[in-house]
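There are 2 protein chains.
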Amino acid sequence: MSILVVGSVAFDSVETPFGRVEDVLGGSGTYFSTSASFFTDVSLVAVVGEDFPAEHLDFLRSRNVDLSGLQTAPGQTFRWKGRYGYDLNEAQTLDTQLNVFETFKPDLPAACRQAEYVFLGNIDPELQLEVLKQVEKPKLVACDTMNFWIEGKREALLATLRHVDILLINEGEARQLAGEANLVKASRIILAMGPKTLVVKRGEYGVILFSAHSIFSAPAFPLESVFDPTGAGDTFAGGFMGYLASTNNLSEGSLRQATVLGSVMASFTVEDFSLNRMKALAYPEIEERFRRFKLLTEFDGLG
Amino acid sequence: MSILVVGSVAFDSVETPFGRVEDVLGGSGTYFSTSASFFTDVSLVAVVGEDFPAEHLDFLRSRNVDLSGLQTAPGQTFRWKGRYGYDLNEAQTLDTQLNVFETFKPDLPAACRQAEYVFLGNIDPELQLEVLKQVEKPKLVACDTMNFWIEGKREALLATLRHVDILLINEGEARQLAGEANLVKASRIILAMGPKTLVVKRGEYGVILFSAHSIFSAPAFPLESVFDPTGAGDTFAGGFMGYLASTNNLSEGSLRQATVLGSVMASFTVEDFSLNRMKALAYPEIEERFRRFKLLTEFDGLG
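These protein sequence lines are chains W and G, in that order. Mapping of the first sequence onto full-length UniProt numbering: position 260 corresponds to residue 260, and the numbering continues sequentially without gaps. Mapping of the second sequence onto full-length UniProt numbering: position 40 corresponds to residue 40, and the numbering continues sequentially without gaps.
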């Protein structure tokens, strides 16, 4: 199965303790679709400005990403500027310029409306719902969001969540959305909002997957150098959804493998700025790191 | 094999968002020996004041803890007072009264000097080394410490670490001891100080075990109510060492099982104040939670 993703395509300027870059390729849709492209076909619905260079489009096409839903609008591409300290878990946003994103109205090409796997990147929940309405009969809808929408567009977000199968958010957002500090209790409140599965991203502490009858906890892959965490969450989502769509299997076991593959993909992305590491990545490296992930977590029963 | 532990026996006064208690049974030696007693015999070397009630001694004896190394000194028992906010990962210490601990000189009874498994609780590293000198031929020495000693008695601590096989500390302490923010790099620096294994405790995010050729990452058991985290680290160490001593097996596989059992024990302790949960605990509950821990973390290979 192929995936439809709606999200941002952006220029990022990032400063970490290990270096800085300006106006490099970024955006939730970019990270997601590149990551998912290692597992299945992806169609990216997004908007860029007239300043967006052909080389970035060529890169996405080289990953077999369908760009028929990518609009080019008059004006500048979305820009984000952020900084990380030694605590790489949280970015400090220095500047956000929505630019062409400000008036973005997703309009899905006919082929995209048949999509069975849909990922709604972290954009205005009203736009997320607008996209969903255009998809005829999705089999699986996953969604990301953030504190900005949880606070500012709660009703629209709750309306979207009623149509979402899997919600992927970070730990602070889960607590905020549920209004509950304890994560296990918070997960139950969120699962009552619509999603059948909640994926809580905890940065360097890994991921917890909550479903009605099961909890799966996966650590992050321990890395010697985390260079730039930008895009880790969307890269995770891309690996996660990419694997599910490629197997077309939504069992608990498949969700767990998808969670580990998402973590593996994220562990590559943070090793370099922008999408540089994924640009150099080959599938056997993914399999190899998945095997190391298994060695990292396995233990015998008490017998 | 039985274990010798040196640590504190204390009265704790604790406030959490869920309640408060005053002058309840606490101390690293108490939590450790009670937890380890579910797996093997334990001898506790510590000091209490004349105010220490017989009921607490009776409880420890009921857990089969050998108290021949427990001194009673003139004066008051060690007291600690702390508070936790909704972020239960870090205690705010409100008051510490060393009392009889101030002049404590461990003097091991003859039987204790034969110990093969030794746990040096979080006390002055000079006292830790003093205890070690009295043990004739230990097979395995594990040790805890804290920021206070890392800062204030670094040389003494490094001298102790040269004789330690397993160091158990929390994440911030590992970074501080190594002078390195990245945990994987920090682990390598610490393993060069003497310990063959480093156990990094991360509270609600679980535990990472570093050895020369292997890393094992275990999440914490997700709990619906974490009532009071006091003693979680020492309870972890008790379950960890208790299992190793009971099996007398120091293979990587055994260390991993011990890590999970330590996490299981800690997950019980935090469900209530003081040692209340461990007082009500039965061994089949430990086995059951270990099985649930396995379900929490397992996933299939990619096949």
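Worth flagging that the hints you see were computed from the coordinates, not collected in a lab. Just so you know, these numbers come straight off a predicted model, no measurement behind them. Cβ atoms here follow ideal geometry from the backbone N, Cα and C, with glycine treated the same way. One thing to keep in mind: the hints can contain errors.
[As the list claims (entries may be wrong)] Keeping only pairs whose Cα atoms sit at most 25 angstroms apart, straight-line, the calculated DSS-like set for lysine-lysine is: (1) W:185 - G:196; (2) G:105 - G:81; (3) W:81 - W:139; (4) G:153 - G:185; (5) W:133 - W:153; (6) G:137 - W:294; (7) W:81 - W:153; (8) W:294 - G:294; (9) G:81 - G:133; (10) G:139 - G:105; (11) W:294 - G:185; (12) W:196 - G:81; (13) W:133 - W:81; (14) G:81 - G:153.
[What the hints assert, rightly or not] For the chain W half of the interface with chain G, some residues (derived, Cβ under 8 angstroms), not all of them: (15) 147; (16) 179; (17) 180; (18) 184; (19) 185; (20) 213; (21) 219; (22) 223; (23) 260; (24) 284.
[Claimed, not checked] Derived coverage of chain G by chain W (criterion: at least 3 residues anywhere in the stretch with Cβ under 8 angstroms from a Cβ of chain W; other residues may be distant): (25) 21-32; (26) 149-163; (27) 232-242.
* So which of the earlier hints does this model not fit? -> Failing hints, ascending: 1, 3, 6, 9, 12, 13, 15, 16, 17, 20, 24, 25, 26, 27.
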